[in-house]
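Chains X and R are the protein sequences, given in the same order.
For what it's worth, this note's numbering labels the leading residue of the first sequence as 4, then goes sequentially.
For what it's worth, this note's numbering labels the leading residue of the second sequence as 4, then goes sequentially.
Treat the hints as calculated values from the structure; they're not laboratory data.
Remember, predicted model here, so these are calculated numbers, not experimental data.
Be a bit skeptical, because a hint or two may be false.
[Said to hold, decoys possible] One side only, chain X facing chain R, incomplete, derived with CB under 10 Å:
id : residue
1  : T41
2  : A115
3  : A120
4  : Q140
5  : T295
6  : S458
7  : N557
Just so you know, even glycine gets a beta-carbon here, dropped at the ideal spot from N, CA and C.
2 protein chains.
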Amino acid sequence: MSAPRGTETVTVAEYLGRRLLQAGVEHLFGVPGDFNLTLLDGLARVEGLTWVRSPNELGAGYAADAYARRRGLAALVTTYGVGELSCFNAVAGSAAEDVPVLHVAGSPATTAVARGALLHHTLADGVFDRFSQAYAQVTVVQETLTAERAAEQVDAAVLAATVHRRPAYLSVPADLAELPVDARRLATPLAPPAAPEAAAAFAADLAALLADATSPVLVVGHLVDRFGLAGEVRAAAEAAGVPFVTQLSAKGCLDEDHPLSGGTYAGTMVDTRAAALVEAADVVVHLGAVLTDVLSGFFTHRPADARTVRLDATTAAVGDGAAHALGLPAAVGVLAAQLRAGAGRWAPAPVRPARPAPAPVEHGVGPLTQQALWAQVQEWLPAGTAVLADTGTSFWGAAGLRLPADTVFVGQPVWNSIGYALPAVLGQGLADPGRRPVLFIGDGAAQMTVQDLGSIAAAGVRPVVVLLDNRGYTIERALQSPTAGYNDVTPWDWPALAAALVGPALVAHAARTAAELAQALKAAAEDVDAVVLVVAELDPFDAPPLLRALAERNSAAQA
Amino acid sequence: MSAPRGTETVTVAEYLGRRLLQAGVEHLFGVPGDFNLTLLDGLARVEGLTWVRSPNELGAGYAADAYARRRGLAALVTTYGVGELSCFNAVAGSAAEDVPVLHVAGSPATTAVARGALLHHTLADGVFDRFSQAYAQVTVVQETLTAERAAEQVDAAVLAATVHRRPAYLSVPADLAELPVDARRLATPLAPPAAPEAAAAFAADLAALLADATSPVLVVGHLVDRFGLAGEVRAAAEAAGVPFVTQLSAKGCLDEDHPLSGGTYAGTMVDTRAAALVEAADVVVHLGAVLTDVLSGFFTHRPADARTVRLDATTAAVGDGAAHALGLPAAVGVLAAQLRAGAGRWAPAPVRPARPAPAPVEHGVGPLTQQALWAQVQEWLPAGTAVLADTGTSFWGAAGLRLPADTVFVGQPVWNSIGYALPAVLGQGLADPGRRPVLFIGDGAAQMTVQDLGSIAAAGVRPVVVLLDNRGYTIERALQSPTAGYNDVTPWDWPALAAALVGPALVAHAARTAAELAQALKAAAEDVDAVVLVVAELDPFDAPPLLRALAERNSAAQA
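In isolation and in its complexed conformation, chain X is listed as follows (with noise of 0.2 Å):
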């Protein structure tokens, strides 16, 4: 046991829930089941978290992966076997896009376990670690609560999740969730250790490399976001005068006007003035890169060299130098001093164009392009919202549209799975509620994981829907076989769907041409107390610009 006699005591489901709101988390993502019951009813008892429904496993993961981004730390709690396997692919994109979700799986008592009995939620061979040895596959760490060290183990799944930035699996015994530990250990805050030596050798190798460069330039990556450092790290660039260009994993994380700014950069693909930049830098700086297929234009961007720095959420490293253990805030913090030491010495960042002159947007009668639908979302898209983008088309428009200070973009250009951002929408909303959210998504992506729409309004999110109706999955029909029956999905009546899910409170437009589009838009921000929904009726071989890009590097990769 933990907790010797004579000590202040909590249980464990106490003291996770306290280590919960400790790292910022007020809501709980899930779905009950009868391995997790105790732990709920523990977890009911903590004042300050609020349970969320949802209606599967899936939509609560990704729910939960959303709000970590916010929060930086998000709890997905499920049932043994049937319940944490059900959202497997949420917590695997948790992981591929560095989210920090705390999976948190209800599991057969101790009692159960030891006698090997065969039961419900198992593959009947009293086997207990299968579905923990699935997660290692995914998941930074693991761990099956002891009675002898449950409250360490938390404490170590709650930092490794934080540190690494990916989600941490914790198994909780049904019959361990009521066992009391010692509360004393909630007095001290996690935190991951100071690591001085680790700075001082990152900051030596720096020095050396930035002794003789004039153009340094910052490639921002979506681990700027996830740890929240924009702010730092646009303080930086500013005091020392330093460009930066984003990633687009890392949309929204800096203003896309902001005079430093390069531009997207994704290899040659989407920018190539973003490139250029990047090819002219005598040091190219990686804050939390990730240069995958897509977010690298196909390999096309400025391999790493010896000019190269790299921060990533646990080392810090220049050119082929050794990886200092140094975590992405204190790395960023060293990067920082030494730029702003610099001042005066960098070459100017060149000039950035001036936002262009909007195309003209059209608003006729005719059916509806992609082209009109993009500019006018361009024109209408207010500031201070969340913008979430779901893989395919609804991606690939966002990503091309030149965001207003101060809006938050989410979307998943590592993982890529379809169906994410409309529950993502249910956690972001509840992370952040001063931010109306808009949420572009694919029919096809909208099929995956609908049910969701029903959580949102139960909850009180009040977002935009604009759902890209293509009859179809209009990503695949651009990359291969375009007249595929495979690409084709069920029709559904969409308006009537969503009205049964989310009641009175929706709001439902039909835009089949860009005047009927423009309309609803604008009804759309004014609704501020509706679910609006717009269906925006398009062809199922129109794409947006940056979408046919894509596919033909895909094709010349794949040639």
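Once you've looked at the hints, dock chain R against the given chain X.
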């Protein structure tokens, strides 16, 4: 390369398709994604295979599971990462329930894997075997195709699934889907090798045991149904005059009114006559029986002893003797011969009580109760249907039915994943089109997988769906914390929702009273061309008697 020059070749996709056809598979379940498009294009050219649209992979996986139960194999085709991990729970369920689903996941090209490319749908770490490693926890074999051995690997996966009646995992790299392989292998149907020595050794062990036996009993488990051996087992029991009892997981597999039927065996929980018969027997033959908590009445079954014969998918054993490597079909053959040889020596089967006079059925106008619902269903249920019962009050209500002859029963009493049975209607309906599906499902369960109502209708399946609407998870209310808020679900307008998904083929009824239910069921039986939804409104705390018994046993087991 598998195919030497000059030999007849087919592509890997066609080879796989033809092996599936040979095994009785005519439908493919799944969702397209960029890593499986070449495979899907190749499968589309195989005459006799039809692609079935599913809105998401979890539904496709459940549908495949139900299809495999009837056909002896099903194919589930997904894409790498985002797709294959979305149905992890469904495939794990197939493992728990002994269902042969071949999970075919399209994966990155071997060339990209060889150079460790950082691709989308990965964790961006150049590691490509994470998901097959995760699947190693729940599938009987994992094959990632290679250019050298592709055809052999396809055969190994198909054979493993059918021999073990367990899911198998087959990863098809995108650049191998069109690889030519030797077609001549297709002339030899896949079959496990005969095992005459194991059969002889098992026969000898069995003969020794039966030599002094007078009262053997057969415990029929679900593997009898999975291997399609119900007819053979019934014939053997009849020829020998040996009684049988049936596990809940094998409900519907043998006629419940058969004179040799000793009833339902779940330890002492469901049917004390069946328990007494097993206790009194001098030989107990477990025919693919699985004795989990739920199926054994919380371990109140007669434990295995020296007088127990155990036949599993791939082994047969007598008492504590060695397990012989013998598949269930061959082992049942050995058993049948010896039981027949002893005909006349066995004690007469206890007289099966006549079907009890039907209890008075409530048709009044007071609020509908679980008792009235199940009594009406008992009276109404036509012969020749497929009854699908989701986990929860639906399963425990349906488990108490005495089924008409020629009724297929589909449930998940080992894995118990709520939401399973709705997409299962799609698989059952396509596998066995002469039989109308009758689905019983709670509202909490239906919220998990509701979108498949659209696929069911689009595929031409015309079920009766009885939705037990008790506004939450009543099985959990029965187990613990009945009034906890986490057991409530967001209310939906079910008839409107179903209409939006199904279209004009939907006919919906609300049944708030027994009288309304009677009318709705009558109309449902007549509307054979409609998808009929009956929303039965029930009290959140009302439960069928078997569920109450389960809850009592469960809490005793926890104490």
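For this session: Using 10 Å as the Cβ threshold, decide whether T295 (chain X) counts as touching chain R.
Result: With a closest approach of 5 Å, the T295 (chain X) hint holds.
Exercise. For the hint on T41 (chain X), does the least C-beta distance to chain R fall short of 10 Å?
Worked result: holds (7 Å)
For this session: Verify the interface restraint on A115 (chain X): the C-beta must sit less than 10 Å from at least one C-beta of chain R.
Result: holds (8 Å)
Problem set entry | A120 (chain X) as chain R interface residue, shortest Cβ-Cβ below 10 Å | For A120 (chain X), the interface hint holds, since the closest Cβ of chain R sits about 7 Å away, which is under 10 Å.
Exercise. Does N557 (chain X) pass the interface hint, meaning its C-beta sits closer than 10 Å to a C-beta of chain R?
Worked result: holds (8 Å)
Exercise. Holds or violated: is there a CB of chain R closer than 10 Å to the CB of Q140 (chain X)?
Worked result: Interface hint status for Q140 (chain X): holds (4 Å vs cutoff 10 Å).
Problem set entry | chain R contact restraint for S458 (chain X) - C-beta distance below 10 Å | holds (6 Å)
Checked against the numbered hints given earlier, the structure satisfies every one of them.
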